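S.K.: Each chain, letter by letter, is given below.
There are 4 protein chains.
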Amino acid sequence: MKKEQFIQFMEEGNLSVPKYLLNNYVNLGLNEKEFILLLHVHSFVESGIIFPTPMEIADKMTIDPSECMEILRHLLQKGYVSISDEMDEYSIKYERYSLQPLWEKMITYMMDQNKQTTQSMNQQQEM
Amino acid sequence: MKKEQFIQFMEEGNLSVPKYLLNNYVNLGLNEKEFILLLHVHSFVESGIIFPTPMEIADKMTIDPSECMEILRHLLQKGYVSISDEMDEYSIKYERYSLQPLWEKMITYMMDQNKQTTQSMNQQQEM
Amino acid sequence: MKKEQFIQFMEEGNLSVPKYLLNNYVNLGLNEKEFILLLHVHSFVESGIIFPTPMEIADKMTIDPSECMEILRHLLQKGYVSISDEMDEYSIKYERYSLQPLWEKMITYMMDQNKQTTQSMNQQQEM
Amino acid sequence: MKKEQFIQFMEEGNLSVPKYLLNNYVNLGLNEKEFILLLHVHSFVESGIIFPTPMEIADKMTIDPSECMEILRHLLQKGYVSISDEMDEYSIKYERYSLQPLWEKMITYMMDQNKQTTQSMNQQQEM
Numbered sequence: 017m018k019k020e021q022f023i024q025f026m027e028e029g030n031l032s033v034p035k036y037l038l039n040n041y042v043n044l045g046l047n048e049k050e051f052i053l054l055l056h057v058h059s060f061v062e063s064g065i066i067f068p069t070p071m072e073i074a075d076k077m078t079i080d081p082s083e084c085m086e087i088l089r090h091l092l093q094k095g096y097v098s099i100s101d102e103m104d105e106y107s108i109k110y111e112r113y114s115l116q117p118l119w120e121k122m123i124t125y126m127m128d129q130n131k132q133t134t135q136s137m138n139q140q141q142e143m
Numbered sequence: 017m018k019k020e021q022f023i024q025f026m027e028e029g030n031l032s033v034p035k036y037l038l039n040n041y042v043n044l045g046l047n048e049k050e051f052i053l054l055l056h057v058h059s060f061v062e063s064g065i066i067f068p069t070p071m072e073i074a075d076k077m078t079i080d081p082s083e084c085m086e087i088l089r090h091l092l093q094k095g096y097v098s099i100s101d102e103m104d105e106y107s108i109k110y111e112r113y114s115l116q117p118l119w120e121k122m123i124t125y126m127m128d129q130n131k132q133t134t135q136s137m138n139q140q141q142e143m
Numbered sequence: 017m018k019k020e021q022f023i024q025f026m027e028e029g030n031l032s033v034p035k036y037l038l039n040n041y042v043n044l045g046l047n048e049k050e051f052i053l054l055l056h057v058h059s060f061v062e063s064g065i066i067f068p069t070p071m072e073i074a075d076k077m078t079i080d081p082s083e084c085m086e087i088l089r090h091l092l093q094k095g096y097v098s099i100s101d102e103m104d105e106y107s108i109k110y111e112r113y114s115l116q117p118l119w120e121k122m123i124t125y126m127m128d129q130n131k132q133t134t135q136s137m138n139q140q141q142e143m
Numbered sequence: 017m018k019k020e021q022f023i024q025f026m027e028e029g030n031l032s033v034p035k036y037l038l039n040n041y042v043n044l045g046l047n048e049k050e051f052i053l054l055l056h057v058h059s060f061v062e063s064g065i066i067f068p069t070p071m072e073i074a075d076k077m078t079i080d081p082s083e084c085m086e087i088l089r090h091l092l093q094k095g096y097v098s099i100s101d102e103m104d105e106y107s108i109k110y111e112r113y114s115l116q117p118l119w120e121k122m123i124t125y126m127m128d129q130n131k132q133t134t135q136s137m138n139q140q141q142e143m
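Residue numbers (the working numbering), protein chains in the order written: chain A, 17 to 143; chain B, 17 to 143; chain C, 17 to 143; chain D, 17 to 143.
Treat the hints as calculated values from the structure; they're not laboratory data. Computed from a predicted model, the values in this text were never measured in an experiment. Accuracy of the hints is not assured; some may be wrong.
Where chains are identical, the list cannot tell them apart; a pair therefore holds if satisfied intra-copy or between any two copies.
Stated by the list, open to error - The calculated lysine-lysine pairs, modelled on BS3-like cross-linking and capped at a C-alpha distance of 30 Å, are:
{"#": "1", "residue 1": "121", "residue 2": "109"}
{"#": "2", "residue 1": "109", "residue 2": "94"}
{"#": "3", "residue 1": "35", "residue 2": "49"}
{"#": "4", "residue 1": "131", "residue 2": "109"}
{"#": "5", "residue 1": "35", "residue 2": "94"}
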């Protein structure tokens, strides 16, 4: 392996995936393809490609662009990802994907889980 | 959200996924389910559960234990993951999953890609 | 670079540092040496060495074991790290470092910051 | 803790630090302040601030802007970080920090270590 390849590998960097998300994407209502697609969107945005096309995303998956577009539409509708309108320093409008809805779903799920655990503990104590 | 929940979330931590792997798992011959299954194995091992059962893994995916076992067998056969025999301080033998084969496949692919790029550049220069 | 070296590099893995912590360790009352020492403790624990000696930690820093011990004592006293007593499956007691106090300090700081921002916004609106 | 705060925390994300680098920055000739300063530069660049000022960096450390400038100059001179000239889509030139030199120093060190280990093993076998 050449030095240049290793340096390029280092420059690409890593995607940090919260283990809580990895452990609970199914509980949040996602299947593997949907979850990975969100990771790809996350990775693109982090790398500066803030509004990747279905073609660019599909290119890194085992799906074709039309299936990718369909999954994206589904994820947008169900509120796992959103598109926000922004404006750059030259007043040119642009769109970007945001994973804020995913984090919101995750935290809501965490809080619900906690409530249920507390309730079942209270019920056990009462019995 | 309670403090305790946030602390627990921090304690679970993150899984670092090399973006090169995320961008190239399809080129390495993996589909989404297989890739995610490997991430789960990676995450289990990092968390100290070094030989998770198919049931434990399937529990975090949209597949059932028997499908999980089949995918695991396929990944072991094709050399994406291996099982190594180790011995603890009390001379008790145990098994653990290792992702070394995956890293080896990845680096081999990186080196092949680089060769092909160099070759096609040489061919272009010759023309 | 040999394949084996790259594989070993991959096996060592990465430490995920929350950018919020990186951006605010000074606000939490830490200097660079103390912050890095906590990262080393974090890294050791993740790698399975749950109670590293001051010598092991100092070995990876520009400080000697006695300075390391002093910093550790300071961090324990001030509540940035704690030592918890645990018991293994053979009922043998052991100690481990925990970064829970650090996460608690971080979340408390986050919440305080938020309150201050809200208050100053309210004051501005009142004026 | 409010949901919005948690979402903001998630949006800031994590910095992935190779454990090999964490374990060997001293061997690469860096002290804690220099190492952390490089992590800050890395974090800024990842967040889209590709050429942070000494003031912006010092603001997150226990040093003042002039000490920060001095350390930066030292790191540039000794080849741990570099400044590269780039051009945007509107042909406007801009500068950015690059950590490529750091990765190169790291890989060179890894390879040297490996050679020494091999040599000492050969010497032991000869004896």
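S.K.: Taking the hints in turn, state whether each one holds.
M.R.: Results of checking the hints against the structure:
1. 121 / 109: within (28 Å within a copy, 40 Å between copies)
2. 109 / 94: This pair counts as within: shortest intra-copy Cα distance 25 Å, inter-copy 42 Å.
3. 35 / 49: So residue 35 and residue 49 pass the 30 Å test inside a copy (18 Å) and across (17 Å) alike.
4. 131 / 109: Answer is neither: 42 Å inside a copy and 33 Å across each miss the 30 Å cutoff.
5. 35 / 94: both (22 Å within a copy, 27 Å between copies)
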